[in-house]
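Heads up: the sequence lines are chains A and B, in that order. When the letters of the first sequence are read in order and numbered with this note's numbering, they come out as residues 87 to 141. When the letters of the second sequence are read in order and numbered with this note's numbering, they come out as residues 22 to 438.
Note that these hints are calculated values from the structure, not bench results. The beta carbon of each residue, even a glycine, is placed where N, CA and C say it ideally should be. Mixed in with the good hints, there may be bad ones.
[Claimed, not checked] Covered stretches of chain A, going by a simulated chain B footprint (3 or more residues, C-beta under 8 angstroms):
no. : region
1   : 124-130
2   : 133-140
[To be verified] Derived lysine-lysine pairs resembling DSS-like cross-links, with alpha carbons at most 30 angstroms apart:
no. : chain 1 : residue 1 : chain 2 : residue 2
3   : A       : Lys132    : B       : Lys422
4   : A       : Lys113    : A       : Lys99
5   : B       : Lys405    : B       : Lys312
6   : B       : Lys24     : A       : Lys132
7   : A       : Lys117    : B       : Lys357
8   : A       : Lys133    : B       : Lys32
9   : A       : Lys132    : B       : Lys357
10  : B       : Lys61     : B       : Lys154
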Amino acid sequence: MSKINELFDSELKVINLGLESFSDDLKLQKKAVVHVEWRPVAGGNKKLSSILNQL
Amino acid sequence: MLKEKIEQANKEAIEKLFKAQPTLIGLGTAEQDIPNMNKKTILHAGPPVKWEKMSGPLKGAIMGGLIYEGLAKDEEEAIKLAESGEITFDSCHHHSAVGPMAGVVTASMPVWIVENTTFGNKAYCTLNEGLGKVLRYGAYSEEVIERLNWIEKTLAPVLKATLALSGPIDLQTMIAQVIQMGDEGHNRNKAGTSLMIRELAPYLVQTSFDSQVKSDVLTFMHGNDHFFLNLTMPAFKSSLDPLENTPYCTLVYTMARNGTEFGIRVAGIGNRWFTAPAEVIDGLFFPGFTKEDANPDIGDSVICETAGAGGFAMAAAIPIVQFVGGTPQDAINFTKSMYEITQGENASFKVPVLDFKGTPTGIDIRKVVETGILPVINTGIAHKDAGVGQVGAGLVRPPMKCFEEALEAFAESVGIS
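Let the hints inform the model, and build the full structure from the sequences given.
The following block contains the structure:
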């Protein structure tokens with residue numbers, strides 16, 4: 087059995103980063119999932135991000 | 022090199038805040054005690070705002086203030102006078118003062134005098150009128166003006182005489198205590214009000230006033246759970262003001278709203294305001310009112326969050342969720358999330374449920390912009406129209422624009438673009 091099948095045959099432990107709807111789908115399938123509220127630095131604003139790098 | 026300078030400045034600023042000793046030293050009147058105050062000046066909450074741009078509750082409170090001062094006999098005259106340009110409107114914060122909700126302060130109003138004895142600076146705040154139909158929520162009917170007169174003619178003289186007997190009262194220790202008694206010092210002040218009554222009562226009974234008057238004063242304080250708010254606010258104001266003009270410091274030393282705009286000031290950028298339109302509050306409404314009735318965020322009481330109390334101390338004040346909405350776990354999560362955007366743990370305000378960890382204190386504009394996490398604020402909700410009053414309480418966040426613009430201005434001030 088390939089490693090990937092071993093993974094899907096075992097109990098899944100999922101950490102979801104980014105879009106929360108991915109974790110909602112897993113919850114609907116009764117899978118354990120921890121959602122991390124991750125956002126890009128300064129909401130992706132390049133100017134602010136560059137300022138922050140220098141401060 | 023620049024990063025080290027900022028770290029050092031922020032460290033020194035937070036130490037200054039933790040060394041503060043806000044102390045209630047007396048009770049005076051706005052005209053006599055507040056710097057640059059006169060009969061024709063009206064102070065208000067938040068950043069400066071012109072009459073034309075003022076929200077309903079602020080206009081209502083100003084109209085009530087003019088009637089209370091005898092400068093106008095009714096609503097119509099008050100509007101005319103306010104529009105005439107004869108009255109100077111200014112931010113409480115420009116006069117070492119703070120005011121909850123509309124925050125209107127007029128010349129004859131009695132004010133608490135709080136001194137930060139470590140640095141010698143003072144802060145002023147009016148006496149809390151109670152909840153519901155009150156001036157600070159924009160109401161100005163006869164009962165509102167009558168209550169203001171009673172505060173001036175009865176409550177204030179009794180409390181002044183009481184303080185003359187009691188001597189100065191250490192507010193820093195009292196606030197540290199109430200945070201361990203279920204208050205967060207902004208929207209829950211039940212313990213603080215109780216402790217203050219306990220502190221004052223033995224001296225109040227020794228004053229020479231009539232027994233009925235003494236009873237009325239104690240009953241008024243007892244019936245108003247927010248009585249202590251008007252003491253936590255000047256306590257925090259006096260604690261934070263010494264941070265102004267700390268070079269290279271990225272910590273926020275003022276947050277305030279005037280009902281139209283939210284404004285912040287940053288220690289390293291002096292007294293310049295960074296403003297954006299105030300947000301609408303998500304909360305629980307009194308029967309008969311909905312979100313449609315709510316005015317945008319208003320008041321100087323967010324000085325509490327700026328000092329590490331209020332929404333930042335919600336984990337210490339779990340019962341407050343029954344007033345502002347949410348669950349006990351939400352209250353704990355709000356406090357925990359604020360550590361992401363603050364300089365450190367408060368040296369005095371400890372949260373029992375978090376193993377007595379200090380509350381998150383010292384909002385760093387860099388962290389707010391980087392993480393996108395905005396300060397959480399516990400607050401009251403005023404009706405959007407003048408003359409109505411309070412319609413609920415809830416939670417709100419400041420607009421991100423204030424922090425983004427402050428960060429850009431700070432960067433410019435240290436030679437970065």
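**Study point:** Lys117/A paired with Lys357/B [C-alpha distance capped at 30 angstroms]
**Key:** With Cα atoms ~26 angstroms apart, Lys117/A and Lys357/B stay inside 30 angstroms; holds.
Point to revise | Restraint check for Lys113/A with Lys99/A, where alpha carbons must lie at most 30 angstroms apart | key: At roughly 12 angstroms apart (the allowed maximum being 30 angstroms), Lys99/A and Lys113/A satisfy the hint.
Point to revise | Distance restraint between Lys405/B and Lys312/B, which requires alpha-carbon spacing of 30 angstroms or less | key: The given pair, whose Cα atoms are some 10 angstroms apart, holds under the 30 angstroms limit.
Exercise for review: Verify the proposed pairing of Lys132/A with Lys422/B, using a straight-line Cα cut of 30 angstroms.
Suggested key: Given pair Lys132/A, Lys422/B holds - Cα atoms ~15 angstroms apart, limit 30 angstroms.
Review point. Does Lys61/B pair with Lys154/B here, judged by a C-alpha cut-off of 30 angstroms?
Key: Holds - the C-alpha atoms of Lys154/B and Lys61/B are around 25 angstroms apart, at most 30 angstroms.
Review point. Taken at face value, is the distance from the CA of Lys132/A to the CA of Lys24/B at most 30 angstroms?
Key: The given pair, whose Cα atoms are some 19 angstroms apart, holds under the 30 angstroms limit.
Review point. Within a Cα-Cα threshold of 30 angstroms, do Lys133/A and Lys32/B meet the stated pairing?
Key: holds, 27 angstroms
**Study point:** Outcome, coverage hint (the region 133-140 of chain A, chain B; C-beta under 8 angstroms; three residues)
**Key:** holds (count 5)
Exercise for review: Confirm or reject the coverage of the region 124-130 of chain A by chain B under the rule of 3 or more residues with a beta carbon closer than 8 angstroms to the chain's beta carbons.
Suggested key: n = 4 at 8 angstroms, threshold three: holds.
Review point. Holds or violated: Lys132/A with Lys357/B, Cα cutoff 30 angstroms?
Key: Holds, at about 28 angstroms.
Comparing the model with each earlier hint shows no violations; every hint is respected.
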